[in-house]
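For the record, the sequence lines run as chains L and W. Numbering follows our numbering, with no gaps: position 82 of the first sequence is 82. Numbering follows our numbering, with no gaps: position 115 of the second sequence is 115.
No wet-lab data here; the hints were simulated from the structure. Computed from a prediction, not measured in an experiment: that's the story for all the values here. None of the hints are false.
Simulated restraints, written as ranges between beta carbons of each label pair:
(1) SER238(W) <-> LYS378(L): 34 to 42 Å
(2) SER522(W) <-> PRO348(L): 25 to 33 Å
(3) ILE51(L) <-> ALA50(W): 48 to 56 Å
(4) ALA181(L) <-> GLY314(W): 31 to 39 Å
(5) SER210(W) <-> TRP50(L): 34 to 42 Å
(6) ASP346(L) <-> TRP42(W): 49 to 57 Å
(7) ILE35(L) <-> GLY523(W): 42 to 50 Å
Built from N, CA and C at the ideal position, the CB exists for glycine as well.
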Amino acid sequence: MSTLEDSRHPPKAVVGSQVSQDEEMFGRAFDGRVIRRFMGFCRSYRVALWIAIVSVLIYTATQVAIPLVILYAIDNALVAGARDRDLLELVVLVFGAVVVLNFGANFLQENLVGRAAERVLIDLRRAMFTHLQRVSLSFMDRTEVGRLMSRLQSDVNALQEFLETSIFAVGDLVLLVGIVAVLLSLDFQLGLLTLSIVPILFVMRIIWLPRAREAFMKAREANSVANGALAEAIHGVRTVQGMVREKVNFALYNDRARQNMLAHLRAAKFAQINVPIVDTLTGGAMAIVIVVGGNQVLGGTLDLGVMVAFIFYIQRFFDPIRSLTLQYSFMQRAMVSGQRILEVLDVPIAVEDKPDAIDMKECEGSIEFENVTFGYVKDQPILRNVSFKVAPGETVALVGPTGSGKTSATALVHRFYDIWEGAVRVGGHDVRDVTQESLGQHVAMVLQEPFLFTGTVFDNIRFRCTDASRQAVIDAAKAVGAHDFIEKLPDGYETILEQRGANLSLGQRQLLSFARAIVADAKILILDEATASIDSYTEMQIQKALAKLLEGRTGLVIAHRLATIRGCDRIIVLQDGEKREEGSHDELIAAKGMYAGLYSLNYASFDDVSDELADGLADAGAST
Amino acid sequence: MSSTTAPTDAAPTDPIGDEGLSGTPRAQQFAEGNKLEVGILWRITRMGLAHRWRMALAAGATVAAAFFQLFIPRYVGEAVDSAQGLLGAGAASPEMAREALFAAGMMVLLFSVMRGLFTLMQNYHGEGIGHCIGYELRLAFYEQVQRLSFSFHDKVHTGDLITRGMLDLEGVRMFISTGLIRTLLLTVLIGGSAYLLMNTNLTLGLLALSFVPFVGWRSAVARLKLRWMWLLMQERLSVITRRMEENLTGIRVVRAFSAQKFELEQFETASIETLKVAIKRVTVRVANTTVMTFAFFTSMVLVLWFGGLQVVDGEITVGVLAEVLTFMMILQMPVRQIGMMVNSFARASTCGSRLFEVIDRDPRIKDQEAAPDLKLEKGVLRFEDVRFSFGADSSDTRVLDGVSFSVGPGETLGIVGPPGSGKSTIAHLVPRFYDVTGGRVTIDDQDIREVSLESLREAVSVVQQDAFLFTASIENNIAYGDPWSDGERIARANRSAQLHDYVAKLPAGYETLVGERGVSLSGGQRQRLSIARGILSDPSILVFDDSTAAVDAATERRIRMALREGQDKRATVIISHRLGSLMHANEILFVEAGRVVERGSHDALMAQGGRYHDLYRLQSRPGDDHGVEVAAPGEAS
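Construct the complete structure from the given sequences, taking the supplied hints into account.
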């Protein structure tokens, strides 16, 4: 720690942030609503599950029966004075039969439950994933992907533990009851005496549980903090080395790692303290049977076989208790996870096809906004009474400061959201009257952030249009000027784009997403131009590709660059959700309004303009 | 080039094909190389043995626990015989029998307690050693991650490193308790009980133990098979995960192309693949556990049969039979654990080789022996005929080919060129993130390879293209290079970077958490934070590696003005594709394909009418004549 012991004030440094444990670990062990909903998922496998339950019962019965068989053999065929060879052989035969039955039932129950559990998990995951394809985009915007992924993975996995073992809980419970019943019926007094140790165990557990739980939580937390710090070091290693932070980080990490070790040692102590408790209680119960039972045998009030059977049962007695405790914590976790999974499944679907939605086969490519008012949050409209038309084949630029509603307007053309008032028409149809699928055929979008999927370049370009020929893909790539760099990749079009194309430059990714839009071959193209600055060379290529892309299509472009804006037929200026100006570049410059003001400022991109400045310009424009 | 044996040395320049570490999928790797590497296991064992006291306690407790465990059946057997009153050929008096019963009962209790206590000690210390080793390995791994050069990190996926540092480390750590200690326990238990059983009754002993080799073998085989299937399953699951994650992250693209159906089909295919493995795994698992139980009960049937016959024939007592049967109950659990033990060996061996592969690697960039600190006098950075390539140095893989320049205090050097021309590489060579392949880089005439890395990197600051934010407060992030700097200095640096006003307006101000779990900053804000971080320690040589690309032109101009203060003592290198950022530099290099093709001041280059001139035209607006983003009055020098 010497590095950190500086005579000055403590360092302004941490490694690995504290984890906020928003994911609750223990919940109620039983939630009727959750159970009922999940029963629905199990229904398809109910036959298998019923057979499994019957097998569990048979299996448990054989478990209880085995010591009884031994007892019977000792008492009736082996004890001094009553030795009987034939009977022994008969009993051994019965024993053999019980063992075979045990094997069969065991195999059946585990197999059936295991298979059903795997299927239910897949069904659950599929249900969630399918649902997420349909929920409103505003939900997706609000929700971090990481959170959804943790529902789809950790929560489903938590259920797996539970499902795979839940049926054994039934078996364990029956086994426990069975053993108690057998002990009491074999010899009530001795049974009661032996079972008197059970309350001690429960008391011990009750004292132990909260402390142990806390220790386990601490250990988990310390572990994720240490792991977080390591992940951070790996991700930020270039900065670490560039800033010579190695020593400070190491000292800080040492502290984290040490905390982690100590927390785990403490947790280990709590986990292991159970061993001597259970062993002592088992030993105590055996001693009771030996001393008390043995004396009864001597006195002739107890059969020797019963005593031996008691000893066997006692050794088995703690297994179901141990596994039921485990079950209980699985169940708690499963309930919490179940609730979280239901939350996802219950997200409402905002945009749905009308029952009589038209399958729009042909589309001439016009876009019309008629008095459109729209927002994401009630009473906070993003677009107010906006009207404009884009004729087929025309290219219109949407311009305005950040937050003016440009992106929302383009999203409405594809009916990502439903509007509050007015109408959005594509090809003369209200977008709410046609199927979303057919609307998608005619409207292609190129988003600001080019998003590529892991897979080959080829598959990325023909995304969804899986029937697109190789030639069509290559033609598209050539049209946007991406062909040359693709050819230079190690495997050309077959190169796998790892981690969403992290191995390509932003400009290259942009060109691929253009090519993708060309292959989709839609009449209407919506383009959200990238704001991130790209070097002038790529910029030039992109401008050329853009012209190619818009050829023969209707274009609605959220433009940031002057060069792009000037290439458009018409410009619509939006501010605060309202349309301010509309016209060609020359017309707007001549009008000396907001656009002219922005233009004269010489910003490379209109997004750089601050709100106050835009307001000022708008006022100036209004006054002239 | 410094000496390393790293395979990265021979790696091609393409970053896709080479992963730097053995990167075969885990399942495949496991299937192919499923051999126990004794060297690795021995290395882990040695690490454990270093904790002498704990190891001694754990091992001693293990033997003791096994001992007490083994003698419990003996007293049970005696008790059964006493109860039957058969001790001493039926001549025992009831009192003696009663005393014997009491003694046996107490012994069972005592031995159970002792067994419990020693098992506690065994487990606690076994695990404890594991945690100690885990701690040591964590530190070693962390330190190594920080030491390994850029060339390593370029080629190794962060996800791969994280897996090694977390999961593989767990596999190694667990070896002591689940592998080593358990082996000891099982050896003593099975060996001891075999000896005792054979001594009691050879035939019955053999029968009772007949399930041991079978179950041990089955469980070992099954474990390995299951582990392999588990790894296969993880791989299949990771495909699903990737599909889901990409779908959800790119949901706008999916919807923009109405590709939901297509995506669902893809998901379904991946799901079915996973389900197949999952079901197979269930079958294998179930078949094995049930067969093992069956084997155990079968030998119990045999013991009862033959033992019963011997009792009937009067050759042995019922007590002996009871003892043997009790032994079997005791052995049932540990024998099943043979599988876990074998698994632990396999896992430790695989994980260990992956972990040590990283830990043992010699960093390519490191201090020469007894390297002196950099002696800063004026702070003149000089590149002398620098050549550089990522792989083997041949003319067609060369990233830099004979770059020379010199920049002194108060001077600014601008570097411009098309993407992939090697601009960033120049920035990376200054703090020695990579070593040159030819020529040399010097600061005040000292070759940077001959001075200590720490002193070099303290003198040089590179503001990188991609600003990495740590999950910490803004203040901590800015003070990253000097955590002891006071608030005043931090604010000053931040003011120069034009981020202060924004930060001051935040509710938590400089305490605002940023990074993965904090507020998200825009690209421009991130870059400004990174600039503040870079200038905080007032470096003698400051390199901007395209670090204002996302900052708007007006703000960038303000930053540049702010940085003029103190510039006379500092050599500045500005790499940018935006000419407005560097046209004021004393000298501008136009780099193309690793070579300097044009050099001179802005005016000279413009007069030359070459590539720089063309680029300048390209960046000025068509029709406008007042140049690139209008330099502020008096700024262009």
